[in-house]
Amino acid sequence: MSIEKYCGIIPAFYACYDDNGEISGERTESLTRHLLQKGVKGLYVGGSSGECIYQSVADRKKTLEHVMKAAEGNLTVIAHVACNNTEDSCKLAAHAESLGVDAIAAIPPIYFHLPEYAIAEYWNDISAAAPNTDFVIYNIPQLAGVALTMPLFRKMRENPRVSAVKNSSMPVQDIQMFKMEGGKDFVVFNGPDEQLVSGLAMGADGGIGGTYAVMPELYLKIQELMKAGKVSRATEIQYVVDEIIYKMCSCHGNLYAVMKEILKIREGLNLGGVRKPLPSLSEEDMPIVNRCAEMITEAITKFS
1 MSIEKYCGII PAFYACYDDN GEISGERTES LTRHLLQKGV KGLYVGGSSG ECIYQSVADR
61 KKTLEHVMKA AEGNLTVIAH VACNNTEDSC KLAAHAESLG VDAIAAIPPI YFHLPEYAIA
121 EYWNDISAAA PNTDFVIYNI PQLAGVALTM PLFRKMRENP RVSAVKNSSM PVQDIQMFKM
181 EGGKDFVVFN GPDEQLVSGL AMGADGGIGG TYAVMPELYL KIQELMKAGK VSRATEIQYV
241 VDEIIYKMCS CHGNLYAVMK EILKIREGLN LGGVRKPLPS LSEEDMPIVN RCAEMITEAI
301 TKFS
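This note's numbering puts the first residue of the sequence shown at 1, with every later residue one more than the last.
Hint data in this document are derived by calculation from the structure and do not stem from the laboratory. Incorrect hints may appear among the rest.
As the list claims (entries may be wrong) - Subject to a maximum C-alpha distance of 27 angstroms in a straight line, what follows is the list of computed DSS-like cross-link-like pairs (lysine-lysine):
hint : residue 1 : residue 2
1    : K276      : K61
2    : K247      : K38
3    : K69       : K264
4    : K230      : K276
5    : K62       : K264
6    : K264      : K230
7    : K38       : K227
8    : K38       : K61
9    : K91       : K38
10   : K62       : K38
Note that the coordinates shown come from a computational prediction; the quantities given were computed from them, not determined experimentally.
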């Protein structure tokens, strides 16, 4: 496996809806082309930012099909395929492989607290449905309710397709542990956007983030500066990015609704709203949304 294709800034892709709230192939392709033009390394499709738990298997297939069509092989594409049952997850995994994605990814099953051997079987079943495709473990304990422990990680490493961890746990130390255990050819992605600098400093090969797509220029600059050893300057941008994130999260509406509206304001992209039960924007949110859009523009101007 060549890890180079995974080393970089990989935005988590947003669900793109038409005016009736259904998946829009046209808007999906527009967002794909937009992010390609910004210079990101790849896209993480069908995860939290893609509102996956509120979508059908058909919805998720349609999104991935249009992403792959618009990407035209110019982006690394990781398809998150986990559903809360093995059968649907395997269907999405096989479909993703048929489209030629670079990797598939999966969180553990949620709600029921399964023993680790059952989680390993779930992941390995999904991997077996896409036997020629890299597999990325998605560790996000604060939402999934279960953490990737070192014994479970070692068990999964017995599967030769397991090539990476998307680590969204908050302790940066976890990145170090997975990187040390996985070895130099194993990929570890930084998950929490608020600590990209810290994750890269601790050895993350790249980042996958939910706010990357609304301000990719800033995350690309952080990566550039970290590669050049200019940690203080990268940290300065990280502080500004975090301030923007905190501001966006202060809205009544869901964060993804906020970011889609910002993309509409700043880039002219209409990606629709969010799917219930995620809360839509309220009228009271708009001053905050507009201010966030201004903050992003100001930061890009300052740090470009």
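Within 27 angstroms, alpha carbon to alpha carbon, are K38 and K61? holds, 25 angstroms
Within a Cα-Cα threshold of 27 angstroms, do K91 and K38 meet the stated pairing? Violated: K91 and K38 sit about 32 angstroms apart, past 27 angstroms.
Hint check: K69 vs K264, CA-CA at most 27 angstroms. Holds or violated? holds, 22 angstroms
Can you confirm whether the C-alpha distance between K62 and K38 stays at or below 27 angstroms? This hinted pair holds, its Cα atoms lying about 24 angstroms apart.
Decide if the proposed pair is consistent with the structure: K38 and K227, CA atoms, cutoff 27 angstroms inclusive. holds, 19 angstroms
Please verify whether K276 and K61 have alpha carbons no more than 27 angstroms apart. holds, 20 angstroms
Below or equal to 27 angstroms on CA atoms is what counts here, so check K247 against K38. holds, 23 angstroms
Next pair to validate is K230 with K276; report whether the Cα-Cα distance is within 27 angstroms. Between K230 and K276 the Cα gap is close to 43 angstroms, so the pair fails against 27 angstroms, i.e. violated.
Holds or violated: K264 and K230, Cα atoms, limit 27 angstroms. violated, 33 angstroms
Does K62 pair with K264 here, judged by a C-alpha cut-off of 27 angstroms? Given pair K62, K264 holds - Cα atoms ~22 angstroms apart, limit 27 angstroms.
Hint compliance for this structure: hints 4, 6, 9 are broken, all remaining hints hold.
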